[in-house]
Amino acid sequence: MIVADKKPIQEIIEEIKPYERILILGCNECVTVCEAGGKKEVGILASALRMYFLNQGRNVKIDEETLERQCDHEYLEEIRDVIDQYDAVVSLACGVGVQFMAETYFSTPVFPGVNTCFMGVTEDRGLWTERCQGCGQCILSRTAGICPVSRCAKRVLNGPCGGSSNGKCEINKELACAWQLIIERLKALGRLDEYEELSPIKDWSTDRAGGPRKVVREDVQP
Amino acid sequence: MTYPTYIKIIRVPCTGKIDILHILRSFEKGADGVYAVGCMEGDCHYTSGNFRARKRVEQARKILETVGVGSDRVEMFNMASSEGPRFAEVAVEMVEKIKKLGPNPIKLKKKQAA
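Protein sequence lines, in the order shown, are assigned to chains A and B. Heads up, the first sequence is in this note's numbering, so the first residue is 1 and it goes up one at a time. Heads up, the second sequence is in this note's numbering, so the first residue is 1 and it goes up one at a time.
I should point out that these hints are in silico values taken from the structure, not numbers from a laboratory. The reader is advised that the hints may include incorrect statements.
To be verified - Under the rule of at most 30 Å between Cα atoms (straight-line distance), these lysine-lysine pairs were calculated in the BS3-like manner:
#, chain 1, residue 1, chain 2, residue 2
1, A, 202, B, 110
2, B, 111, B, 29
3, A, 154, B, 62
4, B, 99, A, 154
5, B, 107, A, 40
6, A, 17, B, 17
7, B, 8, A, 7
8, B, 8, A, 214
9, B, 99, A, 168
10, B, 111, A, 17
11, B, 99, A, 7
12, A, 17, B, 110
13, B, 55, A, 40
14, B, 110, A, 7
15, A, 154, B, 8
16, B, 97, A, 173
17, A, 173, B, 107
18, A, 168, B, 110
19, A, 6, B, 100
20, B, 8, A, 187
21, B, 29, A, 6
22, B, 8, A, 17
23, B, 99, A, 39
24, A, 40, B, 111
25, B, 62, A, 187
26, A, 39, B, 55
27, A, 6, B, 62
28, B, 99, A, 6
29, A, 214, A, 154
30, A, 187, B, 111
31, B, 97, B, 107
32, B, 55, A, 173
33, B, 62, A, 7
34, A, 39, B, 97
35, B, 62, A, 17
36, B, 107, A, 187
37, A, 154, B, 17
38, B, 111, A, 154
39, B, 109, A, 214
40, B, 110, B, 8
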């Protein structure tokens with residue numbers, strides 16, 4: 001899932017200060033799971049903002065809504081009938097949702113309510129870690145299901161590098177060396193001989209190096 | 001053994017049920033203070049309900065400080081269910097504290113706006 005973190009309320013207040021009618025718009029998908037932008041977080045932020053503006057002696061309308069997703073047309077359309085009632089929207093979706101919201105409702109200012117961080121997993125309650133950088137050319141079959149692109153600080157494809165020490169990365173002693181993990185898993189799978197095979201030069205044009213990307217699937221297009 | 005009549009008790013199965021939203025909405029609706037009374041730490045029937053409550057109380061305090069209501073209006077106390085006198089003592093303590101802080105500023109602003 002896409003992992004996001006809450007933005008400080010003060011930062012959001014600074015952005016929406018000039019407006020009188022504000023919609024706090026949550027998303028029921030990834031940001032709900034990582035407890036940053038779901039229905040509950042919408043409720044907390046809206047309540048806090050209502051109190052803030054009341055305390056400032058201002059009568060600002062703060063409404064709450066949470067859509068199934070903000071990255072699909074059909075769900076964003078659900079607010080078309082009410083969007084004109086608001087001067088601004090604070091979207092608690094990831095950066096994708098915020099942008100799609102802005103594209104869909106061109107004349108309504110949209111502000112992000114979370115900081116979008118990465119694609120990752122819930123390792124534990126309140127602990128999310130990165131697993132994928134969407135490089136566009138998945139190599140997990142060769143690396144025992146552990147991604148050196150997202151989990152190695154240097155994105156080394158034939159590792160480990162000289163900074164690996166006691167299974168940890170030199171940038172942080174608590175960070176596991178991805179290549180140590182790869183070797184351990186290859187060993188456990190009885191495939192350690194594959195470690196000897198050199199990875200070819202990776203085509204990074206499918207990563208961000210090639211600019212914004214798109215996937216076109218004619219087979220599923222209408 | 002009496003406690004002040006200002007206090008409205010909201011019963012929950014465990015303090016672990018208390019959400020930040022319950023605390024925030026109480027202030028939105030005009031409460032002058034909110035305190036959670038949980039079991040003694042280490043004695044939670046559900047293992048960690050009172051620890052969860054304490055974390056949420058802390059988060060609510062931070063939010064209330066940011067929005068200008070003030071963090072001092074929210075507290076958490078731990079006591080055993082057999083400690084009736086302690087319950088009354090804490091109620092008195094909290095009421096005195098809130099009286100010193102004065103009414104919830106949101107409530108005052110709402111009245112002014114009306």
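Here's how the hints hold up against the structure:
1. 202(A) x 110(B): 62 Å, violated
2. 111(B) x 29(B): 12 Å, holds
3. 154(A) x 62(B): Violated: residue 154(A) and residue 62(B) sit about 38 Å apart, past 30 Å.
4. 99(B) x 154(A): 59 Å, violated
5. 107(B) x 40(A): Answer holds: residue 107(B) to residue 40(A) is near 24 Å, not above 30 Å.
6. 17(A) x 17(B): Measuring from Cα to Cα gives roughly 33 Å; hence the hint is violated.
7. 8(B) x 7(A): 34 Å, violated
8. 8(B) x 214(A): 57 Å, violated
9. 99(B) x 168(A): 55 Å, violated
10. 111(B) x 17(A): 22 Å, holds
11. 99(B) x 7(A): Answer violated: residue 99(B) to residue 7(A) is near 33 Å, above 30 Å.
12. 17(A) x 110(B): With Cα atoms ~19 Å apart, residue 17(A) and residue 110(B) stay inside 30 Å; holds.
13. 55(B) x 40(A): This hinted pair holds, its Cα atoms lying about 16 Å apart.
14. 110(B) x 7(A): This hinted pair holds, its Cα atoms lying about 27 Å apart.
15. 154(A) x 8(B): 58 Å, violated
16. 97(B) x 173(A): Status violated; Cα separation ~46 Å.
17. 173(A) x 107(B): Since the Cα atoms of residue 173(A) and residue 107(B) sit roughly 51 Å apart, the hinted pair is violated (cutoff 30 Å).
18. 168(A) x 110(B): Distance ~56 Å between residue 168(A) and residue 110(B) Cα, so the pair is violated.
19. 6(A) x 100(B): 34 Å, violated
20. 8(B) x 187(A): Given pair residue 8(B), residue 187(A) is violated - Cα atoms ~63 Å apart, limit 30 Å.
21. 29(B) x 6(A): The hint holds at about 25 Å.
22. 8(B) x 17(A): 35 Å, violated
23. 99(B) x 39(A): 34 Å, violated
24. 40(A) x 111(B): 28 Å, holds
25. 62(B) x 187(A): 49 Å, violated
26. 39(A) x 55(B): 20 Å, holds
27. 6(A) x 62(B): 14 Å, holds
28. 99(B) x 6(A): 34 Å, violated
29. 214(A) x 154(A): Holds - the C-alpha atoms of residue 154(A) and residue 214(A) are around 26 Å apart, at most 30 Å.
30. 187(A) x 111(B): 71 Å, violated
31. 97(B) x 107(B): Holds, at roughly 18 Å.
32. 55(B) x 173(A): 28 Å, holds
33. 62(B) x 7(A): 14 Å, holds
34. 39(A) x 97(B): Status violated; Cα separation ~34 Å.
35. 62(B) x 17(A): Since the Cα atoms of residue 62(B) and residue 17(A) sit roughly 20 Å apart, the hinted pair holds (cutoff 30 Å).
36. 107(B) x 187(A): 66 Å, violated
37. 154(A) x 17(B): 44 Å, violated
38. 111(B) x 154(A): Status violated; Cα separation ~59 Å.
39. 109(B) x 214(A): Violated: residue 109(B) and residue 214(A) sit about 51 Å apart, past 30 Å.
40. 110(B) x 8(B): 21 Å, holds
When held up to the earlier numbered hints, the structure conflicts with 1, 3, 4, 6, 7, 8, 9, 11, 15, 16, 17, 18, 19, 20, 22, 23, 25, 28, 30, 34, 36, 37, 38 and 39 and fits the remainder.
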